[in-house]
Amino acid sequence: MIEFQIDTGSGVATYLQIVHQVHQALQLGLLEPGDQLPTAQKVVAKLAINPNTVLKAYRDLEREGLVQPRPGMGTFVIRSLPGTDPATLNRFLATLTKWLDSARAAGLGVDDIEAIYRTAIRNCFFEAVA
Amino acid sequence: MIRFAWLQFRLQAAVALGALALLAVMLGFTGPHVVHLYDTTVATCATHAKCSSAITAFQSSFHLLQDLGILVIVVPALIGIFWGAPLVARESETGTNLLVWTQSITRTRWIATKLCLVGLASMAVAGLCSLAITWWSSPFDRVGATQFPAFSQRGVVPIGYAAFAFALGVATGVLIRRTLPAMAATLVGFVAVRVVVTLWVRPNLETKIHTIAALHMTPGMGFDQSNNGPISVVGGHPGDWVFSDHLIDKSGHAVGGNFFNQGACLTNRGFAACVGKLREVLVYQPANRYWVFQWYETAIFLVLALIFGALTFWWMRRRTS
Amino acid sequence: MTTALETNELGKQYGRRWALHDCTLTIPKGKVVGLVGPNGAGKTTLLHLAVGLITPTSGTIRVLGGRPGDGPSKLAQMGFVAQATPTYAGLSISNHLRMGAWLNPTWDGDLARRRIEQLGLDPRQKTGSLSGGQRAQVALTLAIAKRPDLLLLDEPVAALDPLARREFLQGLMEIVAEHDVTVVLSSHLVADLERVCDYLVVLVTSHVQLAGDVDKLLASHHRLSGLRRDPRSLPASQHVIEESHTDRQSTLLVRSDAPILDPAWTVTPVTLDDLVLAYMGQARDAERAPQPRMSVIR
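Keeping their order, the protein sequence lines are chains A, B and C. Residue numbers 1266 to 1395, in this note's numbering, belong to the letters of the first sequence in order. Residue numbers 1331 to 1651, in this note's numbering, belong to the letters of the second sequence in order. Residue numbers -15 to 282, in this note's numbering, belong to the letters of the third sequence in order.
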């Protein structure tokens, strides 16, 4: 059964961390359809977090169609996440490498590039209010 | 709640029972010996001379155990200090009151149960102690006619003392909330009330009897001319509680120190004639009032106990933690 | 009845000092509520009022739809763990459980015994010989075994070492997951709040400074940093809670329900800890300087 870790210093909401860890486990094959997710009780007994956080994460996963609760039995995985195929990953790696080369040629250092990267990730994936 | 109150009380109960058992053993073994000694020496003595030496010998026997009477005076105070004062104060001090008062029981039921359980136990302990010592001491009391001097150590009053000391202890514990100061306050309060009742209330529980009568000589009666006042009579009324007993002449004047030194009084017949000239002014409480006084004083202390019990109840109801 | 605890201008006065003043709160059921504030802020007073140990000087308080401490049935609905988790040092754990069974009609003996066994404690041990963390666990067991609807805990982890603290919170969260119970947890430590609480009340100098759902509070507060600016130049919909300036830079913590659209600001989210500290600091500054009192934020 999957075990969750929480990083309180990361600035990412706890329930989102759980959702991401389930996504990652599905992609890596640690979780397969038919597997049971740990009960809220088990999760909080280890992590000392509010059980509503776990329930919220599981509800999000249910809405994404990845898991389904079975009354009296638990929450079970019903679908796997298709891993991104290696060809697509290589294609984007090539694009990014080209971009990095041109950024370096323009005089940007590692710190500049990192700042741009973080802003872009935040704007794209997390709801920032700006 | 009764079971829980008993759970908290059982150690103190064990100590008390152990002490009572020890007392019972000591007195139980020696009691029959006392009675035997009394029957063979004092009860059978015939003449006055033989009796007085038999009495003196009897009274100096079992000396240590005779002093145990002091236990009956001390036990109520100990009950007040060790059973009464810590009852609520200890819980306030350790914070366990916050634990027990948030169980599904009201504070009034909690205090009522504890007051009743430990209060009744206190009265029983004091009562048993007094019973044992009163029974054991009865030959000595009979011989020395010490029932009024030993008033506080005999009969039913210790039950009243214990009830009052306990209730006073609990009340001070509720008010003061710290065990040691509550114990000190209880001791001081208890002693003060006992002193006041003994000195000023007990003598007046019924109106003292004042008599002026002809002087009758009885065995054991003597005269005390120590100060410059009127001659006072000593040992004239065994068993009664005498407050003042002095001699006046037929015209009501105090009889001075040298009255019996006159030549006329020094012979046997002359002495009788001298005695005939005198009157005895007596202020006393008669011996037959002893038990009435016992019940009166017990009632007073029981009422005081009820008052402090009610105060405790009332304070607990409106208390802030 | 959807509120676990409801107060209206609740106040408690001791002599001349108000331990709690003008406290108006509505705590919904089913939440884990963090009651935060410095020592002496009135947290213990509020909890003692809720459980009926003391009575209010002014205002009203209702718990689970009734008056606190109003008879054994109301007392049975509430579990309470007092500060420093007092227990009878001379009594064993099993005697404490007996006390619970004798004094609580709703006592669940199996739950209590199971929990003590899970904790690895010997029931014959006297509670006086337990460590602080173990005693806290026993006190929590006593409070939860009467199956309360509302569980109030007064600084239960303040005196515990980090491991004992973690174990206590693990146990508490497991209880919340297993039973339908509202928890109010007071603390003067701000850490651990975000993982455990989903409703927050900040109490400083005997007044409520902040109260609300944690999610909503975090969504409506933002940290802005940018070039040095006078905070009074901000629009009225943005309330400055905390500000700090250097010669070139300003950093503000603001409350705003609308999104911040000014491109001059770099907006970052605020953690619950920062939020609580900001409000506690604001309250302390307001107390020191004679200013009109800040309005209470819901």
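It should be emphasised that the hints constitute simulated quantities derived from the structure, not laboratory data. All residues carry an ideal CB built from backbone N, CA and C; glycine is no exception. Don't take each hint at face value.
To be clear about the criterion: a stretch of chain C counts as covered by chain A if any three or more of its residues have a C-beta under 8 Å from a C-beta of chain A, and this derived list gives those stretches [unchecked claim]:
hint : stretch
1    : 151 to 157
2    : 160 to 168
3    : 212 to 219
Consistency of the hints with the structure:
no. : hint       : result
1   : 151 to 157 : holds (count 5)
2   : 160 to 168 : holds (count 3)
3   : 212 to 219 : violated (count 0)
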